[in-house]
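Protein chains: 2
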Amino acid sequence: MTLSMYQASVPVFIHALTNLSTVLQKAAAHAEAKKIDPSALLGARLYPDMHPLVRQVQTATDLAKNSSGRLAEADRPAHEDTEQTFDELQARIAKTITFLQTLTPAQIDGSEEKTINMTIRGHDVSFRGQPYLLYFAQPNFYFHVTTAYAILRHSGVEIGKMDFIGPLQN
Amino acid sequence: MTLSMYQASVPVFIHALTNLSTVLQKAAAHAEAKKIDPSALLGARLYPDMHPLVRQVQTATDLAKNSSGRLAEADRPAHEDTEQTFDELQARIAKTITFLQTLTPAQIDGSEEKTINMTIRGHDVSFRGQPYLLYFAQPNFYFHVTTAYAILRHSGVEIGKMDFIGPLQN
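These protein sequence lines map, in sequence, to chains A and B. Take 5 as the starting number for the first sequence in the working numbering and just add one per residue. Take 5 as the starting number for the second sequence in the working numbering and just add one per residue.
One chain only, chain A, in its complex shape (with noise of 0.2 Å):
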């Protein structure tokens, strides 16, 4: 099979997701089993002014849907940044997979030189394709899942790299 755009998209995406939500999952049973608080470790974040593990996984899902959802020009649904428990987030995974799952090949091959406008931090960006997936949605969308799993391996959850990256694909 060639690479596309597809292939290193949705995906991607799916795969990651399903792997952050096997490490949410071992997150609530390590709080369940040692009696912890579990808005101790969904507020835990790795620095003052860093993001914490709820606003972490948002993010993840909002990259994997809006960028998957930008290069196939489809309607995006709103996720409403509402979650407070390890429930909630399973939910926010699970419907920006379902999301990803109705793009198909032919929305997203192709959309290499596809023009991408948004806004960042106030600032209208205007990319192609290609460079949007691979130098600002491919990075930005691994930050934030491993920023969420840094935070779980800091507060002492018992995870580790190949909970990260999943049943190997071969």
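Calculated from the structure, these hints are not laboratory results. These numbers were taken from a predicted model, which means no experiment stands behind them. Beta carbons: idealized from backbone N, C-alpha and C, even for Gly. Don't take each hint at face value.
Each pair of labels, with its calculated beta carbon distance range [claimed, not checked]:
no., chain 1, residue 1, chain 2, residue 2, range
1, A, Tyr51, B, Gly47, 15 to 23 Å
2, B, Glu162, A, Thr123, 23 to 31 Å
3, A, Asp53, B, Ala98, 30 to 38 Å
4, B, Asp128, A, Ser43, 42 to 50 Å
5, A, Thr108, B, Arg132, 20 to 28 Å
6, A, Thr108, B, Leu172, 22 to 30 Å
7, A, Met166, B, Arg132, 17 to 25 Å
8, A, Thr106, B, Asp91, 44 to 52 Å
9, A, Lys30, B, Thr22, 33 to 41 Å
Since the structure of chain A is already known, use the hints to place chain B on it.
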């Protein structure tokens, strides 16, 4: 330009390593300004059984070097893990980028189905090139680059996500 295995690997790794270099420059400058022993940052980690900053940088550079090298079927230089200073980490990044720059699209494009045999934690694994890049090399690479950033952010170095993302590629 059509997305290709080269486009999704070598220049992406070079860009992210260049940004990591910037982050490490800011960390070194922070240590100097605050009269912090640089080894306090170089040896910092997010949890006692996680790897410290130096090892995160070593692993990130090796993932870029080895994954691109395997896809290209190129001889890969061995980089001994001897770095103990920020300057030495910068040199490690520089020599990794120099190696990556020797690899050509002709060597890597079309490697989607190439067989990649390697050993992961004592287990022999055989990948095809595309899943190797998308589901193993890329997330693994970003995991370590982000963790390096997170260690420094957690240690109070004044860096922001745009240092991690780097100059926007349009």
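Going through the hints against the structure:
| no. | hint | in the structure |
| --- | --- | --- |
| 1 | A/Tyr51 to B/Gly47: 15 to 23 Å | 18 Å, holds |
| 2 | B/Glu162 to A/Thr123: 23 to 31 Å | 25 Å, holds |
| 3 | A/Asp53 to B/Ala98: 30 to 38 Å | 31 Å, holds |
| 4 | B/Asp128 to A/Ser43: 42 to 50 Å | 44 Å, holds |
| 5 | A/Thr108 to B/Arg132: 20 to 28 Å | 23 Å, holds |
| 6 | A/Thr108 to B/Leu172: 22 to 30 Å | 28 Å, holds |
| 7 | A/Met166 to B/Arg132: 17 to 25 Å | 20 Å, holds |
| 8 | A/Thr106 to B/Asp91: 44 to 52 Å | 50 Å, holds |
| 9 | A/Lys30 to B/Thr22: 33 to 41 Å | 34 Å, holds |
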